[in-house]
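**Q** Single-letter residue listing:
Number of protein chains: 2
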Amino acid sequence: MTPGPGGTWVSDENVALLTDLYELTMAASYHRHKMVQPATFDLFVRSLPEERNFLVVCGLDDALDYLENVRFEAESIAFLRSTNLFDQSFLDYLETFRFTGDVWAMREGEVAFGREPLLRVTAPLIEAQFVETFLLNMVTFQTMVASKAARVAIACAKRSFVDFSLRRDHGADAGLKAARAAFVGGASATSNVLAGHVYGIPLSGTMAHSYVMAFRHEIDAFRTYTADFGSASILLIDTFDIVEGARNAAAVALEMKARNENLRGVRIDSGDLAAGAKVVRRILDDADLSDVQVIASGDLDEHRIRDLLEADAPIDAFGVGTQLGTSGDAPSLGAAYKLVEDHEGPKIKLSTGKATIPCRKQVWRIERSGMMERDVIGHQDEKIEGRSLLHEVMSGGRRVVARGTVEAHRTACLAAVDALPEPLKALDRMAHYPVDLSPSLGELVRSMRGSGAGRSLRPTS
Amino acid sequence: MTPGPGGTWVSDENVALLTDLYELTMAASYHRHKMVQPATFDLFVRSLPEERNFLVVCGLDDALDYLENVRFEAESIAFLRSTNLFDQSFLDYLETFRFTGDVWAMREGEVAFGREPLLRVTAPLIEAQFVETFLLNMVTFQTMVASKAARVAIACAKRSFVDFSLRRDHGADAGLKAARAAFVGGASATSNVLAGHVYGIPLSGTMAHSYVMAFRHEIDAFRTYTADFGSASILLIDTFDIVEGARNAAAVALEMKARNENLRGVRIDSGDLAAGAKVVRRILDDADLSDVQVIASGDLDEHRIRDLLEADAPIDAFGVGTQLGTSGDAPSLGAAYKLVEDHEGPKIKLSTGKATIPCRKQVWRIERSGMMERDVIGHQDEKIEGRSLLHEVMSGGRRVVARGTVEAHRTACLAAVDALPEPLKALDRMAHYPVDLSPSLGELVRSMRGSGAGRSLRPTS
Numbered sequence: 000m001t002p003g004p005g006g007t008w009v010s011d012e013n014v015a016l017l018t019d020l021y022e023l024t025m026a027a028s029y030h031r032h033k034m035v036q037p038a039t040f041d042l043f044v045r046s047l048p049e050e051r052n053f054l055v056v057c058g059l060d061d062a063l064d065y066l067e068n069v070r071f072e073a074e075s076i077a078f079l080r081s082t083n084l085f086d087q088s089f090l091d092y093l094e095t096f097r098f099t100g101d102v103w104a105m106r107e108g109e110v111a112f113g114r115e116p117l118l119r120v121t122a123p124l125i126e127a128q129f130v131e132t133f134l135l136n137m138v139t140f141q142t143m144v145a146s147k148a149a150r151v152a153i154a155c156a157k158r159s160f161v162d163f164s165l166r167r168d169h170g171a172d173a174g175l176k177a178a179r180a181a182f183v184g185g186a187s188a189t190s191n192v193l194a195g196h197v198y199g200i201p202l203s204g205t206m207a208h209s210y211v212m213a214f215r216h217e218i219d220a221f222r223t224y225t226a227d228f229g230s231a232s233i234l235l236i237d238t239f240d241i242v243e244g245a246r247n248a249a250a251v252a253l254e255m256k257a258r259n260e261n262l263r264g265v266r267i268d269s270g271d272l273a274a275g276a277k278v279v280r281r282i283l284d285d286a287d288l289s290d291v292q293v294i295a296s297g298d299l300d301e302h303r304i305r306d307l308l309e310a311d312a313p314i315d316a317f318g319v320g321t322q323l324g325t326s327g328d329a330p331s332l333g334a335a336y337k338l339v340e341d342h343e344g345p346k347i348k349l350s351t352g353k354a355t356i357p358c359r360k361q362v363w364r365i366e367r368s369g370m371m372e373r374d375v376i377g378h379q380d381e382k383i384e385g386r387s388l389l390h391e392v393m394s395g396g397r398r399v400v401a402r403g404t405v406e407a408h409r410t411a412c413l414a415a416v417d418a419l420p421e422p423l424k425a426l427d428r429m430a431h432y433p434v435d436l437s438p439s440l441g442e443l444v445r446s447m448r449g450s451g452a453g454r455s456l457r458p459t460s
Numbered sequence: 000m001t002p003g004p005g006g007t008w009v010s011d012e013n014v015a016l017l018t019d020l021y022e023l024t025m026a027a028s029y030h031r032h033k034m035v036q037p038a039t040f041d042l043f044v045r046s047l048p049e050e051r052n053f054l055v056v057c058g059l060d061d062a063l064d065y066l067e068n069v070r071f072e073a074e075s076i077a078f079l080r081s082t083n084l085f086d087q088s089f090l091d092y093l094e095t096f097r098f099t100g101d102v103w104a105m106r107e108g109e110v111a112f113g114r115e116p117l118l119r120v121t122a123p124l125i126e127a128q129f130v131e132t133f134l135l136n137m138v139t140f141q142t143m144v145a146s147k148a149a150r151v152a153i154a155c156a157k158r159s160f161v162d163f164s165l166r167r168d169h170g171a172d173a174g175l176k177a178a179r180a181a182f183v184g185g186a187s188a189t190s191n192v193l194a195g196h197v198y199g200i201p202l203s204g205t206m207a208h209s210y211v212m213a214f215r216h217e218i219d220a221f222r223t224y225t226a227d228f229g230s231a232s233i234l235l236i237d238t239f240d241i242v243e244g245a246r247n248a249a250a251v252a253l254e255m256k257a258r259n260e261n262l263r264g265v266r267i268d269s270g271d272l273a274a275g276a277k278v279v280r281r282i283l284d285d286a287d288l289s290d291v292q293v294i295a296s297g298d299l300d301e302h303r304i305r306d307l308l309e310a311d312a313p314i315d316a317f318g319v320g321t322q323l324g325t326s327g328d329a330p331s332l333g334a335a336y337k338l339v340e341d342h343e344g345p346k347i348k349l350s351t352g353k354a355t356i357p358c359r360k361q362v363w364r365i366e367r368s369g370m371m372e373r374d375v376i377g378h379q380d381e382k383i384e385g386r387s388l389l390h391e392v393m394s395g396g397r398r399v400v401a402r403g404t405v406e407a408h409r410t411a412c413l414a415a416v417d418a419l420p421e422p423l424k425a426l427d428r429m430a431h432y433p434v435d436l437s438p439s440l441g442e443l444v445r446s447m448r449g450s451g452a453g454r455s456l457r458p459t460s
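Chains F and U, in that order, are what the protein sequence lines are.
Heads up, the first sequence is in numbering that gives the first Met the number 0, so the first residue is 0 and it goes up one at a time.
Heads up, the second sequence is in numbering that gives the first Met the number 0, so the first residue is 0 and it goes up one at a time.
Source of the hints: derived by calculation from the structure; they are not laboratory data.
Nothing false has been slipped in among the hints.
With a cut-off of at most 27 Å between alpha-carbon atoms, the simulated DSS-like pairs for lysine-lysine come out as follows:
#1 U:Lys277 with U:Lys157
#2 U:Lys277 with F:Lys353
#3 U:Lys256 with U:Lys277
#4 F:Lys277 with U:Lys353
Since this is a predicted model, take the numbers as computed values, not measurements.
Please model the complete structure; the sequences and the hints are all you need to start from.
**A** Below you can see the structure in the form of structure tokens.
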């Protein structure tokens, strides 16, 4: 494997190896012992981080692409052979490995909570187990970023925000998929050109301080850039001094007006953004440039955005980078992918603090007048009043729903967030949304935990 | 572009677009105005996160691969044309775009601090600016994870730890490169099979709770797995009850001994790990199985590991996942890539709180008896007593040093951390390592900041 730009990339050819070693050793064991029984696994978040009142489901399309396409290429199999951990029969099996299972999942953009299955895989044990690591990696990451983006969108009220996170995202794939998840969660655009290409997300960009510094005078930089990009231009005005920068921008905007162009905006990226925005807005307004937007960036998150707007900062749009793409205050979710049922019936794990909910489940959402009231987790076959959130998305290893557009996912997310009870939209306060087990599922859990220390491996029945 | 597994991957073919839009609009402007003057940019971390006393430099090899190979393929150019932002002359230029500059950088595994250039690019302005976003993304992420890993290594004392982070890393590329950075920072192995293949990092794996649950009795799972993997086996013993799990593992280990095999270890992943490890160790020792290792995992970080060892928990090795791969307590670094010099001389940015240090610089490390005393940042051409940390690694767009092995980087890191003053190795306390500007560089900064609000764009000379 010859490293290319950025070292070796994960690709269709090698993604089968992007997994924990134990997925393969367990698979080899299952293969040897012909443990081909069907099994159901749930992917869920154990409990929400303290800083989150809800999740926005994201990443499903990428998960399904993986399941449809994952293959072991000859080079991957040769590497596995070289480890001396696997016998020839298993390596032969891997050559023809395909995921042939069924998947039920929540729609991208849906709001979800702790313990709720976001995705449910039913497949021959060996396949259902093997896909664990990748599914956790991809669905958890995108869900985390979309959930953060939804909070930023709440803080922005009706103002727009742009994903500026690429340089702070954790590597190349995170850069691409953070832009996707941020857009699903409510961003209006991204600075990430590849994400614009791949997903059709609107692109937005301004200029760097280096550009301003590459000219003899700041105003030369502004004149040159606006000559090149006309009414699409956004000028960065804080390289040296924000007041002088705003005056230079206003001068250039007036020159543009004389040739029937309109400066789109100015950006401030440092200092006291509320005070800075007020000064800049006044300079622009005094020059009869009320149509020129003020855009703010610089270590912003939902809390700072809310504070800026509460301080009446005249900011029209926000660039949000680091905290959005890394979900800085909650950079991981405690997601798990657990066996919940097989050919013998429901299964439960009883580890301290990490017990699971057995059986093949569905999640119902009870709503009243379009507002969410509570969710109920029950057995798939129960009849429960409410909207069921898990839908069949893959059957026999093939999608049964088309890959959606990010626009559609974003629309779904905005509607779902809109239906949240108001207390859950608070940025600082923890609010509890009721997620209950159905009576019969609750009874099953109690019976499986048994009367003692919970050593029973099966329901007591 | 047809999405494959996991959606569309970043690859050699499209990585040129993995950049902020403004890099391309600025490049177009530079191109139009023939601003081809040489320029020097520094990549540096403004200041360390509160939770870090030092950084471990990582990701350079991937950065250099990118610089050597980045190209605009026809599909990328077609997309850029479709945005209507760029003229044909610029698109023609992109067809032949190559990075032709020089790079000086710290070695991977080196210890570094805030303000110090980790990497310095000198190239025609258009090239030097364009590569900003990717370099920041890749070098910052790997440096962040290697720095976290070095702390975990300190906490582990001489015990080993394994990277278990893949499922929590931010996407696919983060999974691959977190394993690399964790190893450079001191991990002894990874669970990530692709990282084992690509980088030659030793692989380590155990089993999942699901494996245990797929059998009728826990001991059946243990017998089956050890029959398949013999002395390489590590058994997960906390699926139902840790005491019973340890007894089952001991029974199987004794059966193995009878056939001249040795169970490698048992893993506990939940509950009170210190108390659990003591109980498990006693059960193993009582069965004359003192050679069976106890491995602990489950939301570990350097603080929890230190606490476990201070509590005399008989743990031989640690699996560290989430906190390692996401650098959970500091999931981003405030890295910047700034113009510091061009054909007209040194350049400075004066934005509030984000001022830069001008000119083409070198970093010297003053050591005494093998221990670090202080660093000095000065002009490249100064003569300063000490070891210079920036080395020429690329000239005219081609590497002048070979891609290193991760083993060599890891060895360099362990030596560098070893030479740290003891207070910097503390996990909880902030310790300050002196990083000074040389007298003449200090004088340059003062003169460029000028006497007033710092509106001068050039040295006053």
